[in-house]
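Could you build the full structure based on these sequences and the hints that come with them?
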Amino acid sequence: MRTISLQAARRLFIQRQRLNDPQTSEVVETSEVLLDVIRDLGCVQLDPISAVARSHQLVVRSRVGNYDLAALDQLLWTDRSLFEYWAHMASIVLTEDYPIHQLLMRTYLRGEPQTAWRQRTQQWLKANQKLQRHILHELKRRGPLPARVFENPNEAEAGWYSSGWTSGRDVSQLLDYLWTTGKIMVAGRSGIQKLWDLSERCLPAWTPREKLSEKEVVRRAVQKSLRALGVGTSQHINQHFTRKRYPHLNERLHELAAEGAIERIHVGDEKGEWYIHTEDVPLLDRVEKNEFAFERTTLLSPFDNLICDRARTAKLFDFDFTIEIYVPAHKRQYGYYVLPILHGDRLIGRIDPKMDREHNRLHIHAVHAEKDAPLNRKTARAVRDAIEDLAAFLGASEIHYTHLVPTAWQRELR
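Residues in the sequence shown are numbered consecutively from 1, following this note's numbering.
One thing to keep in mind: the hints can contain errors.
Restraint ranges, calculated between C-beta atoms of paired labels, are given here [what the hints assert, rightly or not]:
#, residue 1, residue 2, range
1, E398, K331, 29 to 37 angstroms
2, Q123, D318, 45 to 53 angstroms
3, E210, Y108, 18 to 26 angstroms
4, T402, D320, 21 to 29 angstroms
Under the rule of at most 20 angstroms between Cα atoms (straight-line distance), these lysine to aspartate or glutamate pairs were calculated in the EDC-like manner [unchecked claim]:
#, residue 1, residue 2
5, K354, E388
6, K194, D318
7, K211, E200
8, K140, D197
No lab work stands behind these hints, which were simulated from the structure alone. Quick reminder that beta carbons are idealized off the backbone N, C-alpha and C, glycines included.
Following this line, the structure appears as structure tokens:
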């Protein structure tokens, strides 16, 4: 069995994540370039927080450089090559992968195990069939519509209760159910507000609609997950793409290995079985021959696909990352919306930025360097250029740094 170094595994991961692609100074305007990137990623997580920019916009920017946001909107709302659905979290996914995602639509809240939460939800849905029919009727008659159109307490016969923030949100819970089961889709957005419509009016005619067996869905999802990872263990695969929706995962892995679709591989001194997709073996050969120069420096969204699995990030990059958005301000170690710094094949630090849109100013509250980061002017310039590229993407006319910058980098970051 082939053995590769941890560095080779890390570099293959970066290569498959399209984070080592050559960059141009021109703004990418072609939607096909963006579609090609998202096809390799499998999904791009959505998040409403826009302290800097929306997360999915940052994920794409980290890979292609500055691009026209209208090109991504075209893929979502005009071409319908992409749509919003649940992957490893609420995400942008590919319409060509519809048969994979359709399995969750068909099976949501069905089957075993019958947990207390599932039983309670089914009872609540049964009690609120009138509200459900009202939503579907109004969408058919008037859609696309925002959620606020349905905020009519007289339609809800049984209130939704939870110990969290969703308690009392009957309409949003029903919309979420109808979305997860594939009856409705996000047809567009007004700012961050979703506009809902019937799925039959959102999906293009060319959407693949074959109903795949659970076994076949897992086989396809495993391969998409593994290709996005470069190499990975069963745990890594399970945390990626259709997160934690890989029933009988080990059986599927053994089948794919026996068929030659994937191969087992050793990674350094790591224990357990790692896998690589057979189609990526030639790329791994090139990585090990040092055919790629890992010289890019870019800033990652806190929800970036490269770092969404915290345990894997710590293993491959020796980088501990926690999103501190929900941590009280006085307890934060690094900041509210921190962007890790990818420098070559290493995560060397993180920045704490905030975009002031009223004054077109990008505030860098702090820059943190990892203990083994190269503290030289060349690296500092690379970090500065990455921040300036982000500022250009955001339309910032100036960048404001505080004194919280590594001493060795202060000459460039000011």
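Hint-by-hint comparison with the structure:
For E398 and K331, the Cβ-Cβ distance of about 31 angstroms falls inside the hinted range of 29 to 37 angstroms, so the restraint holds. Between Q123 and D318 the Cβ separation comes to about 48 angstroms, which falls inside the hinted range of 45 to 53 angstroms. Distance hint check for E210 and Y108: the Cβ-Cβ separation is about 19 angstroms, which falls inside the suggested range of 18 to 26 angstroms. Separated by about 23 angstroms at the C-beta atoms, T402 and D320 satisfy the suggested range of 21 to 29 angstroms.
Annotation: proposed proximity of K354 to E388 holds, straight-line Cα distance about 14 angstroms (limit 20 angstroms). The straight-line distance between the Cα atoms of K194 and D318 is roughly 38 angstroms, outside the 20 angstroms bound, and the hint therefore fails. Distance hint between K211 and E200 is fulfilled; the C-alpha atoms sit about 16 angstroms from each other, no more than 20 angstroms. Of the supplied pair hints, the one linking K140 and D197 holds, its CA atoms being roughly 7 angstroms apart against a limit of 20 angstroms.
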